[in-house]
Amino acid sequence: MSGPKTVGPAWFGTVGDLAADLEALTAATATIDGLHVGAVLHHTDKSLVTDGTYRGEAVVIKLLTARPRDGGPDWAVRHRHEQQVLAAAAIEPPAARVPELMISGTGPVTVTRRLSGARVGEHRYAEHVDSPTAEAICDALTAFASWPATPAARREWWDYPARIEQASAEGILTPPDRRAALRLLAAVGSPRVVQHGDPLPTNLLLDHGRVGLVDLEFVGCYVQGLDLALIDVLIGSGSPAVRATINTRVARDGAGTGYALNLVVLVAREISLHRHLPDLAVRAARHGLLAVELDRARHVLHDADRSTGAST
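Okay, so the sequence shown: first residue is 1 according to full-length UniProt numbering, each after it adds one.
Everything labelled a hint here was simulated from the structure, so no lab data went into it.
Bear in mind the structure is a predicted one, so any value in this text is a computation, not a measurement.
For each residue, glycine too, the CB sits at the ideal point set by N, CA and C.
Keep in mind that the hints are not guaranteed to be accurate.
[To be verified] What follows is a set of in silico ranges between Cβ atoms, one per label pair, in the way DEER data are often shown:
#	residue 1	residue 2	range
1	PRO151	ALA76	18 to 24 Å
2	ILE32	GLU165	41 to 47 Å
3	PRO148	ALA30	35 to 41 Å
Generate coordinates for the entire structure from the input sequences, incorporating the hints supplied.
Below you can see the structure in the form of structure tokens.
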């Protein structure tokens, strides 16, 4: 992981207490022989990430700082899951570049070998990503999806019907949208595909034309097309080359149904998240863009619904 350090919210989080978290990191790593904590790379209320060395090797050290919240994700579960995924990758590496777990059994601390490369973006959304980078991102995500279904990667994080119903209850999806989404869900059936689950620009490291994947808390099995749909939402709106590449990959892989379903669910999630942001300026800045994205996602959804014949 390289590039400028980020001290603040990765996207919608709040900033944690840096001094307290550094003190906690020092205490948590004090008994790990040969581990030396370096500079802060990233800090939110979820985690503190620093560089460092372990027995002469450059490493990245991540401390879980999140506390349980009502209605929020259980980050302790995610943290343990990431450690399990990294341990599985050490035994049977995926085809994509991922960090190497250096120390196991470290509780709230994860220590990985530092993966080379610069982040595709420093925020939740990225713009002006060129065609070669778009190809490299899609190559990495496709390669990762070919990883054998190890138990650590088989977890299903998403309850798709619940997400569709929630978006409908919030008025984001119309009744026809809801029905189309449920029909597509039925059309794709039960098989799920191993995917990264959270390919934010900050989790994609570009190095000499290859992309590495970091932050593996959300690795699991999803409807095919989740990763492509997420980079479409977070990068594609400001990068025509990304959308062109995604469209080609979706058509090539026959993933149109799953992609359409994931796209509308993800755009609905973005709108819901923005509605609850305390920062009114950030909410206002993206409101119009998300309205455009929702309109586009609806068109993709209903086109896919007609193509499957499920609507007739």
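To see whether the hints hold, each was checked on the structure:
| no. | hint | result |
| --- | --- | --- |
| 1 | PRO151 to ALA76: 18 to 24 Å | 19 Å, holds |
| 2 | ILE32 to GLU165: 41 to 47 Å | 45 Å, holds |
| 3 | PRO148 to ALA30: 35 to 41 Å | 37 Å, holds |
In this structure, none of the earlier numbered hints is contradicted; all agree with it.
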